[in-house]
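What follows is each chain in one-letter form.
2 protein chains.
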Amino acid sequence: MSNTSGQQGLFAGETDEDTMAASKPKKGGASRPRKGKAINAETMAKRQREISVSEFFTKNRHLLGFDSPRKALLTAVKEAVDNSLDACEEARILPDLKVTIERIGDNDKQFRMIVEDNGPGIVKAQVPHVFGRLLYGSKFHRLRQSRGQQGIGISAAGMYGQLTTGQPVQVRSKAGRRAIPMKYTIRIDTAKNRPEAKDEPIEWDTKQGTEVTIPMEGEYRRGQRSIQEFLKLMAVSNPHVNLTFTEPDGTVTEYVRNTKDLPKEVEEIKPHPHGVELGILLKMIQESENRTVSAFLQQDFSRVGPGVAKEICEKAGVKPTTNPRRLDTKTVQKIKDAIETTKIMSPPLTCIAPIGEELIIAGLKKEVEADFYQAASRKPVVYRGRPFAVEVGIAYGRPGDTLEMTETGKIQQKSVKKNEELLMGNADEPVRLIRFANRVPLVFQQAACAITKAVVGTNWKNYGLQQPRGALPIGPMVIFVHIASVWVPFTSESKEAIAGYDEIMDELKRALMECGRKLGTHVRKGKKLANEFKKRNYITMYIPHVVDALKEILELEDKEVERATGKLTDVLERSRKL
Amino acid sequence: MSNTSGQQGLFAGETDEDTMAASKPKKGGASRPRKGKAINAETMAKRQREISVSEFFTKNRHLLGFDSPRKALLTAVKEAVDNSLDACEEARILPDLKVTIERIGDNDKQFRMIVEDNGPGIVKAQVPHVFGRLLYGSKFHRLRQSRGQQGIGISAAGMYGQLTTGQPVQVRSKAGRRAIPMKYTIRIDTAKNRPEAKDEPIEWDTKQGTEVTIPMEGEYRRGQRSIQEFLKLMAVSNPHVNLTFTEPDGTVTEYVRNTKDLPKEVEEIKPHPHGVELGILLKMIQESENRTVSAFLQQDFSRVGPGVAKEICEKAGVKPTTNPRRLDTKTVQKIKDAIETTKIMSPPLTCIAPIGEELIIAGLKKEVEADFYQAASRKPVVYRGRPFAVEVGIAYGRPGDTLEMTETGKIQQKSVKKNEELLMGNADEPVRLIRFANRVPLVFQQAACAITKAVVGTNWKNYGLQQPRGALPIGPMVIFVHIASVWVPFTSESKEAIAGYDEIMDELKRALMECGRKLGTHVRKGKKLANEFKKRNYITMYIPHVVDALKEILELEDKEVERATGKLTDVLERSRKL
Numbered sequence: 002m003s004n005t006s007g008q009q010g011l012f013a014g015e016t017d018e019d020t021m022a023a024s025k026p027k028k029g030g031a032s033r034p035r036k037g038k039a040i041n042a043e044t045m046a047k048r049q050r051e052i053s054v055s056e057f058f059t060k061n062r063h064l065l066g067f068d069s070p071r072k073a074l075l076t077a078v079k080e081a082v083d084n085s086l087d088a089c090e091e092a093r094i095l096p097d098l099k100v101t102i103e104r105i106g107d108n109d110k111q112f113r114m115i116v117e118d119n120g121p122g123i124v125k126a127q128v129p130h131v132f133g134r135l136l137y138g139s140k141f142h143r144l145r146q147s148r149g150q151q152g153i154g155i156s157a158a159g160m161y162g163q164l165t166t167g168q169p170v171q172v173r174s175k176a177g178r179r180a181i182p183m184k185y186t187i188r189i190d191t192a193k194n195r196p197e198a199k200d201e202p203i204e205w206d207t208k209q210g211t212e213v214t215i216p217m218e219g220e221y222r223r224g225q226r227s228i229q230e231f232l233k234l235m236a237v238s239n240p241h242v243n244l245t246f247t248e249p250d251g252t253v254t255e256y257v258r259n260t261k262d263l264p265k266e267v268e269e270i271k272p273h274p275h276g277v278e279l280g281i282l283l284k285m286i287q288e289s290e291n292r293t294v295s296a297f298l299q300q301d302f303s304r305v306g307p308g309v310a311k312e313i314c315e316k317a318g319v320k321p322t323t324n325p326r327r328l329d330t331k332t333v334q335k336i337k338d339a340i341e342t343t344k345i346m347s348p349p350l351t352c353i354a355p356i357g358e359e360l361i362i363a364g365l366k367k368e369v370e371a372d373f374y375q376a377a378s379r380k381p382v383v384y385r386g387r388p389f390a391v392e393v394g395i396a397y398g399r400p401g402d403t404l405e406m407t408e409t410g411k412i413q414q415k416s417v418k419k420n421e422e423l424l425m426g427n428a429d430e431p432v433r434l435i436r437f438a439n440r441v442p443l444v445f446q447q448a449a450c451a452i453t454k455a456v457v458g459t460n461w462k463n464y465g466l467q468q469p470r471g472a473l474p475i476g477p478m479v480i481f482v483h484i485a486s487v488w489v490p491f492t493s494e495s496k497e498a499i500a501g502y503d504e505i506m507d508e509l510k511r512a513l514m515e516c517g518r519k520l521g522t523h524v525r526k527g528k529k530l531a532n533e534f535k536k537r538n539y540i541t542m543y544i545p546h547v548v549d550a551l552k553e554i555l556e557l558e559d560k561e562v563e564r565a566t567g568k569l570t571d572v573l574e575r576s577r578k579l
Numbered sequence: 002m003s004n005t006s007g008q009q010g011l012f013a014g015e016t017d018e019d020t021m022a023a024s025k026p027k028k029g030g031a032s033r034p035r036k037g038k039a040i041n042a043e044t045m046a047k048r049q050r051e052i053s054v055s056e057f058f059t060k061n062r063h064l065l066g067f068d069s070p071r072k073a074l075l076t077a078v079k080e081a082v083d084n085s086l087d088a089c090e091e092a093r094i095l096p097d098l099k100v101t102i103e104r105i106g107d108n109d110k111q112f113r114m115i116v117e118d119n120g121p122g123i124v125k126a127q128v129p130h131v132f133g134r135l136l137y138g139s140k141f142h143r144l145r146q147s148r149g150q151q152g153i154g155i156s157a158a159g160m161y162g163q164l165t166t167g168q169p170v171q172v173r174s175k176a177g178r179r180a181i182p183m184k185y186t187i188r189i190d191t192a193k194n195r196p197e198a199k200d201e202p203i204e205w206d207t208k209q210g211t212e213v214t215i216p217m218e219g220e221y222r223r224g225q226r227s228i229q230e231f232l233k234l235m236a237v238s239n240p241h242v243n244l245t246f247t248e249p250d251g252t253v254t255e256y257v258r259n260t261k262d263l264p265k266e267v268e269e270i271k272p273h274p275h276g277v278e279l280g281i282l283l284k285m286i287q288e289s290e291n292r293t294v295s296a297f298l299q300q301d302f303s304r305v306g307p308g309v310a311k312e313i314c315e316k317a318g319v320k321p322t323t324n325p326r327r328l329d330t331k332t333v334q335k336i337k338d339a340i341e342t343t344k345i346m347s348p349p350l351t352c353i354a355p356i357g358e359e360l361i362i363a364g365l366k367k368e369v370e371a372d373f374y375q376a377a378s379r380k381p382v383v384y385r386g387r388p389f390a391v392e393v394g395i396a397y398g399r400p401g402d403t404l405e406m407t408e409t410g411k412i413q414q415k416s417v418k419k420n421e422e423l424l425m426g427n428a429d430e431p432v433r434l435i436r437f438a439n440r441v442p443l444v445f446q447q448a449a450c451a452i453t454k455a456v457v458g459t460n461w462k463n464y465g466l467q468q469p470r471g472a473l474p475i476g477p478m479v480i481f482v483h484i485a486s487v488w489v490p491f492t493s494e495s496k497e498a499i500a501g502y503d504e505i506m507d508e509l510k511r512a513l514m515e516c517g518r519k520l521g522t523h524v525r526k527g528k529k530l531a532n533e534f535k536k537r538n539y540i541t542m543y544i545p546h547v548v549d550a551l552k553e554i555l556e557l558e559d560k561e562v563e564r565a566t567g568k569l570t571d572v573l574e575r576s577r578k579l
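Protein chains in written order, with the working numbering: chain Y, 2 to 579; chain C, 2 to 579.
Among these hints, one or two may not hold up.
Because identical chains cannot be distinguished in the list, a pair is counted as satisfied if it fits within a single copy or across any two copies.
Unchecked claim - Pairs of lysine-lysine residues, derived as DSS-like cross-links and limited to a Cα-Cα distance of at most 30 Å, are as follows:
| # | residue 1 | residue 2 |
| --- | --- | --- |
| 1 | K519 | K199 |
| 2 | K72 | K60 |
| 3 | K47 | K568 |
| 4 | K311 | K337 |
Calculated from the structure, these hints are not laboratory results. It should be emphasised that the depicted structure is a prediction, and the values quoted were computed from it without experimental measurement.
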């Protein structure tokens with residue numbers, strides 16, 4: 002196989018049946034004769050070029066979530082908010098955010114996105130790289146839960162802004178109480194993937210924090226998959242955040258925090274030996290400062306003590322005191338095999354911070370009015386050495402559509418409270434699925450997401466819901482699903498959908514079934530009540546006719562008729578209650 | 002907003018209500034006290050690091066299609082075959098490929114993938130970069146249809162092989178008839194994204210060509226989404242290819258070419274002015290060798306002649322003789338706006354090579370036995386300045402399940418020919434959708450693909466098929482969809498699904514409807530026949546009883562009974578035929 006390049010001398014007189022056949026015009030005319038310019042390997046080789054990562058993503062910008070002006074604006078907000086929340090949490094600051102979208106001049110295709118936080122700020126030397134360079138950051142190489150993880154997001158937003166408006170990114174940052182506030186103007190050199198930045202000290206009346214301003218082509222709309230919806234969902238999964246959102250028309254929405262508890266502080270962990278790949282192991286050995294295999298195993302991995310290290314070495318037939326850099330690939334393979342057959346404690350779970358059942362239900366109650374709430378927060382487990390936890394929440398039943406039994410045994414329609422922005426659909430529509438990864442709402446690519454596949458793959462008929470083949474169940478329900486992990490495997494750099502690794506699919510299904518079973522009990526009770534209600538309605542409908550007939554036959558008086566009606570109703574209702 | 006870094010002095014005695022609150026233990030226990038190690042911006046800044054593109058894709062290898070051992074093997078084959086076919090076509094050679102998968106030793110988790118072609122070969126200086134460096138190649142910067150386009154694929158396969166086996170990639174190449182065959186051993190330094198290669202001249206009994214060998218962890222299976230299936234579909238969309246496939250158990254499958262016509266030769270085009278973005282325009286000006294705006298417009302774009310260039314300059318208020326590098330961003334924006342309002346001829350379509358209706362139907366007939374075939378090859382159109390064409394083919398009806406009317410007007414079941422490897426499902430199953438981009442079969446991520454969304458979004462009930470809400474239609478049918486473009490916008494680097502740009506969705510729907518309408522006529526005819534058949538069966542069933550009754554009433558003889566039966570059948574059949 003050949004990647005590119007041409008060929009030598011092939012059209013200079015040599016004969017080859019196939020190629021000659023190909024170079025002659027044919028019936029059907031698909032192949033055409035060459036036009037005289039000989040393609041040869043040498044000239045072709047000159048077309049080979051390096052592709053900078055910025056060039057790549059400029060052309061493939063949909064991979065980053067910038068495929069349409071409308072989506073671009075939301076993606077930029079998401080990346081900026083993610084970074085702000087990560088920074089605040091790492092510095093243990095309760096986040097106060099301001100998100101502003103404003104028109105540039107009277108242009109309704111160009112907008113300015115401004116996100117300001119009260120976070121720790123960023124030191125001068127780092128600002129240009131953080132905002133003006135793709136694949137740069139602190140989160141990629143660390144094993145701990147964070148919203149950002151790739152070192153692409155915010156600089157991609159800046160790149161898109163520059164691409165569509167020609168304007169640079171503006172940043173203001175005050176890195177601590179006593180630091181001098183600075184203002185930065187940052188351009189990205191896409192051919193080199195490097196920032197070109199200017200900075201100057203400024204007056205800025207803030208304690209500390211960072212503010213990023215990105216001018217970009219955009220389209221501003223409300224409704225489904227809007228910035229508004231994203232922030233609303235963000236508030237569900239981040240009850241500790243205060244956020245003020247200002248729309249282009251000046252409308253201000255405040256999201257007020259529900260709790261002053263920050264998410265549990267997460268700790269960085271070392272890789273777990275189970276699931277480590279040969280290539281990674283070889284690379285870790287190259288980069289390790291440890292000079293014995295035993296020390297390497299104990300200090301470069303989590304959960305390896307002297308006993309486990311000894312066991313691994315014995316199984317692999319390697320002396321624990323050997324310098325690991327002296328090992329050849331075959332011996333390292335033996336160590337890898339030994340690791341796989343050695344029992345090692347699960348990785349520490351301090352690196353992830355699930356939301357918890359209580360806060361999931363509180364979040365759902367705040368945004369969805371329903372009859373029934375349920376949540377399941379699974380214990381963390383591991384895929385490819387990386388801990389993750391799945392959490393599911395369910396809100397079921399539009400209060401206005403359902404029935405309740407009063408204390409005296411009467412069944413009645415519940416009083417209807419109208420919720421204008423109800424996330425829930427109607428009883429005959431597919432359920433509403435809301436997806437989250439590391440507390441970030443996922444609003445696009447629902448069909449491609451492992452979460453959706455797990456919901457579709459769960460048999461909701463078991464829990465009393467209708468479900469068309471290969472589709473979401475039908476019913477007045479919101480399903481909340483959250484995955485917390487040190488590394489969420491997204492299906493693309495835009496972080497919109499989660500890849501379906503087996504371990505993740507399994508956990509998703511278990512969590513859904515856990516909630517589903519409890520839902521089933523509730524739904525069946527509701528259905529029984531509804532049937533009851535229908536039957537009693539029939540009774541009520543026919544009793545007057547029965548009594549009328551009795552009246553005629555027995556020649557009753559009006560008083561007696563009344564009493565007969567009452568008694569009949571009583572008897573029938575009592576019999577139905579059994 | 003802040004990307005990362007800590008804060009200064011915040012925990013050294015200063016008071017802030019929110020942060021102090023956060024740093025105290027709480028009821029509910031979500032927040033925990035700090036552990037004494039102060040996080041400050043300076044120390045945090047040290048965690049910021051560059052991420053090499055190889056490191057990024059090692060961690061995110063599912064983006065490249067290497068998420069499971071089974072898929073990895075197929076992805077590697079796909080990338081190697083893509084490159085071979087691209088190289089052969091560019092050099093106008095009819096491709097002869099050999100694909101071999103073999104076990105490494107008696108290990109059933111490690112395989113060797115070998116792909117050999119009769120292509121033009123690759124010159125020595127390029128081999129290490131082509132196979133040992135991500136984001137390197139000749140196809141990224143050119144506007145012409147090719148299978149590869151990113152400069153990632155084959156080096157990613159090598160990287161995965163190295164990661165899972167520790168072994169390097171082996172390449173043999175003979176770059177032309179008179180060139181010396183060379184052998185290369187290539188490793189990738191993932192931290193730097195650069196190759197480490199050794200080479201040596203070898204004896205190799207081949208005219209010219211390239212062979213790549215990648216050892217890797219894998220899982221070999223047949224059936225759905227297997228290498229076998231991929232190659233079978235590849236043969237449908239590439240009828241000019243000869244390919245020999247050897248499986249690990251030694252089974253050999255030959256795919257023989259249907260045609261000696263190579264696909265139409267494609268030409269590189271310059272970007273079309275319509276849809277060019279400001280940032281790209283600014284960059285093109287920086288990189289241009291042209292020193293007047295007029296020359297820049299005419300020579301760096303396609304379809305701009307002196308007249309169009311003059312019109313653009315006039316509208317933008319720019320002198321045609323101005324040096325483009327002297328223009329400020331605002332003026333360039335004016336030129337961009339002027340371009341958008343100027344009528345410019347569509348881009349030349351010589352850069353893409355659709356398959357054509359005839360060959361689509363021939364390909365389908367070869368692999369799918371059906372009653373009805375139909376194809377629609379749409380005229381190329383443009384998205385973001387990039388030409389593309391959509392083609393749809395349909396094969397409908399399992400011959401064994403359907404009825405036909407004989408010349409004498411009889412309806413009978415068609416004779417059943419069993420096709421063991423029929424791509425088509427049963428009548429009560431969803432249709433089988435086969436997707437192609439630039440002649441490459443797409444076998445994964447069907448749900449995320451624009452093609453699937455277009456098929457699901459088409460109302461097949463109009464064409465006589467059942468279709469559950471939001472799902473593929475039901476029926477014995479194969480839908481073939483092909484997109485040919487100078488740049489296919491894939492949803493991830495693994496090139497498994499196409500992003501749903503509006504222009505592409507529109508064309509897909511049009512092509513599907515074009516085929517659908519003709520299908521509708523056929524399906525309705527079939528349904529009428531089936532009804533007829535059912536009714537006639539009833540007639541045949543009841544006639545003996547009717548005649549029995551007549552016999553008794555009229556006291557007929559056996560001979561007369563026979564005649565009566567014949568006549569009755571005749572009359573009824575004739576009446577039904579009307």
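For each hint, the structure was consulted:
Within a single copy, K519 and K199 get their C-alpha atoms no closer than 59 Å, and across copies no closer than 63 Å, so neither meets the 30 Å cut-off. Taking the closest pair of Cα atoms, K72 and K60 come within 30 Å of each other both inside a single copy (16 Å) and across two copies (26 Å). When the C-alpha separation of K47 and K568 is checked against a cutoff of 30 Å, the pair qualifies neither within a copy, at 99 Å, nor between copies, at 84 Å. In this assembly of identical chains, the alpha carbons of K311 and K337 lie at most 30 Å apart only when taken from the same copy (14 Å versus 68 Å across copies).
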